[in-house]
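**Q** Chains as they are written, first to last, in my numbering: chain A, 1 to 190; chain B, 191 to 765.
Hints are computed from structural coordinates only; laboratory data are not their basis. Glycine included, every Cβ here is placed at the ideal spot set by N, Cα and C. Warning: the hint list may mix true and false statements.
As the list claims (entries may be wrong) - List time: in silico DSSO-like cross-link candidates among lysine-lysine, alpha-carbon distance up to 30 Å:
| no. | chain 1 | residue 1 | chain 2 | residue 2 |
| --- | --- | --- | --- | --- |
| 1 | B | K417 | B | K369 |
| 2 | B | K192 | A | K4 |
| 3 | A | K163 | B | K192 |
Stated by the list, open to error - Some chain A residues well away from chain B (every beta-carbon gap over 10 Å; in silico):
| no. | residue |
| --- | --- |
| 4 | K35 |
| 5 | Y60 |
| 6 | K66 |
| 7 | Q111 |
| 8 | Y112 |
| 9 | K181 |
Claimed, not checked - Incomplete in silico selection of chain A near chain B, CB under 8 Å:
| no. | residue |
| --- | --- |
| 10 | G24 |
| 11 | V39 |
| 12 | M103 |
| 13 | V105 |
| 14 | A110 |
| 15 | M120 |
| 16 | A123 |
| 17 | G124 |
| 18 | P160 |
| 19 | K163 |
Below, each chain spelled out in residue letters.
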Amino acid sequence: METKNVMIVGVGGQGSLLASKLLGHLLLGCGYDVKVSEVHGMSQRGGSVVTYVRWGDKVYSPVIDKGEADFIVSFELLEAARYVPYLKKGGVIVTNTQQIDPMPVITGAAQYPENLVETMRAAGISVDALDCLSLAAQAGSLKAVNIVLLGRLSHYFDIPEEKWMDSLEAIVPAKFLEVNKKAFALGKNI
Amino acid sequence: MKELMLGNKAAARGLYEAGCCFISSYPGTPSTEITEEAAKYPEIYCEWAPNEKVAMEAAFGACLAGKRAFCGMKHVGLNVAADPLYTMSYTGVNAGFVIAVADDAGMHSSQNEQDSRHHAIAAKVPMLEPSDSAEALEFAKLAYELSETFDTPVILKMCTRVAHSQSVVEPGERTVPVKTYEKNIAKYVMMPGNAKRRHPIVEERTAKLTEYAETAPVNRIEWGTGKVGIITSSTSYQYVKEVFGDTVSVLKLGMVNPLPVKLILDFAASVEELIVVEELDPIIENHCKALGLTVHGKDKLPIIDEFSQSLLAEKLCGTAKESVSLNVPVPVRPPVMCAGCPHRGLFYTLNKNKCTVLGDIGCYTLGAVAPLSAIEMTLCMGASVSAVHGFNKAGDGQNEHHTVAVIGDSTFMHSGMTGLANIAYNQSNSTVIILDNSITGMTGHQQNPTTGFNLRGDPAGKIDLEALCTAMGFERVRVVDPYDLKQCDTVLKEELAADAPSVIISRRPCALLKYVKHKPPVRVDAEKCRGCKSCMRIGCPAISIKNGKAVIDNTLCVGCGVCTQLCAFGAFCEN
């Protein structure tokens, strides 16, 4: 099978590492070769952060390049737009509609672009946009945004739900499991 | 059982399985997790040393005592530890000694892009270079074997993409070989007479290691269908396989110092076109050229930044993947000081007093970023303190009343103390500000000698910064709370005006530390806010202007109160 690619993008501190850990566990459990590449250090301080998840029969490079991502999972709308060039033709962006102003916007040196979802769709991109914060709140914790997004992503995968639940149980601490299962279901079924 | 493992964690697993018993390191991205992960094995003694030189020397002592030892650092850390390294090459080891150095091509979190292979060549020590997590584990174990077989320290060279990528590994069992210490002055006392007798041994060792490299299993050829041959190593190997698959022949080098000769000549003779694919400097390429080979390398591929599969496809095959771009400008999102960061109030005060700020390495380097734009120089660990002395001496009295050095607590312990000794000794009227946030922040919260806790979080010795500075001869040592802008301003003005060197300790724990209790978010009184934007000058990610009024992001604000103190209209209120 051809190597598949998911990019997880967001703002440093939003919890993308847990999402990649869960995907890695899931895909390894499905028998694939898997590579996950993360960024640590300075860019984690509120900067734009990227995690790459790749799987297939044999995966070589740990990174995903322009035009290669089958999916971009974004925790923040501007970050989804930033990484559009990495999307493969026919790929899908699954994004949270939350907006977090970067420093140039806060200081007034730049504008946060309006109607980004429409702009991306107008460029011919499949965008699956959802208000993950509200769904996470509905599930019982604002921190469950990452699991809402994975629930939505699962909708596009040919992997049985039990396997997702196995990975959820293996990765998420027991006391948060129920909230996260709820978040997963809300993301998947919206 | 197969496991998905971070490269650094896999290296730590390799150390564990090889029977490593002693680790002393200094944190530095992308190397930090090797030591943090190793510390999860109770069988291994692990510590953070004040700097890389101390770490390497401590680990050398342990290897001398007969235990397999390790120290880990980032590429620039090896500059600090170069002094012991170059002479350890002469003494050799007793039990195995492995050094991990993590390069940062692309400078994700570093101040330069140096290529550590130069150190291995110059120090004449072998260097192994894994290309994924499985090799990180395997090569860490092999490094100990080579260290003891060839009587040499061995460098395990990581890079960001190997260190911070997870791939599949199969962990094994731990075995612990131990040696006894025997007095051997001729081997371990490197004074001229002895060192003269050791140098030929080093050269003979390199010859033997070169011979080993010719048939070492870690240097392997993967024959392909085409006529092109590629010599590569590390993460570049992964990009080569991704782009070319089996259509080219690949000589994959796991040992990058010393490099084989016959193996490369034979490989070159079997292909029609030879290309070297290596990140940063043309080290393998120059080796090939010195062997008289015609080879492509830096004529096609860049000497700066990291590689990727697309870069190789574009530069070597002229192909590019189709991609979409949007016709709207997407604002950049640079890293920023966190909301509630104790450094913010101090930098605001330095700006207000129009100070010339010589900076250092840590989170507070972000004080150079707009809108604070306060720091005017950052070079390397400890340079702020040493440089402010020279800047003031050369200024003939013109600089000292507006110039300061800023340095974090961990960086101060690393190499700020010696610069401070120079100020005390050679008497410049310098003001040094120690930003004491009670942790090593940037690398992800490691303890250091000022925090009172060790690597595993247990109580440990605690250096008293005030007493230390006083003991060095500083009569003016002041402590301020960076959340208190008025106090910061008063003390800064007094110390800059004084005709004596001084140290100001700006003390408040990092806002991200778990034990730090925060106040509720502040509230904006919209009637009082005039929209003057003076609060925007502190670059707090929790404050923005919406419809002409300041707005607080309640999910970010930790109620530090810096904004409440600088608003002239009292628009920010505590909740």
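**Q** Compare the structure with each hint and give your call.
**A** Hint-by-hint comparison with the structure:
1. K417(B) / K369(B): The given pair, whose Cα atoms are some 49 Å apart, is violated under the 30 Å limit.
2. K192(B) / K4(A): The hint holds at about 20 Å.
3. K163(A) / K192(B): Judged against 30 Å, a Cα distance of about 17 Å means the pair holds.
4. K35: violated (5 Å)
5. Y60: The claim breaks: Y60(A) does not keep its Cβ more than 10 Å from every Cβ of chain B (closest is about 4 Å).
6. K66: violated (4 Å)
7. Q111: violated (7 Å)
8. Y112: At roughly 7 Å from the nearest Cβ of chain B, Y112(A) sits no farther out than 10 Å, so the non-interface label is violated.
9. K181: holds (22 Å)
10. G24: holds (5 Å)
11. V39: holds (6 Å)
12. M103: holds (5 Å)
13. V105: At about 6 Å, which falls below the 8 Å cut-off, the nearest Cβ of chain B leaves the hint on V105(A) intact, so it holds.
14. A110: holds (4 Å)
15. M120: For M120(A), the interface hint holds, since the closest Cβ of chain B sits about 7 Å away, which is under 8 Å.
16. A123: holds (6 Å)
17. G124: holds (7 Å)
18. P160: violated (20 Å)
19. K163: At about 15 Å, which exceeds the 8 Å cut-off, the nearest Cβ of chain B leaves the hint on K163(A) violated.
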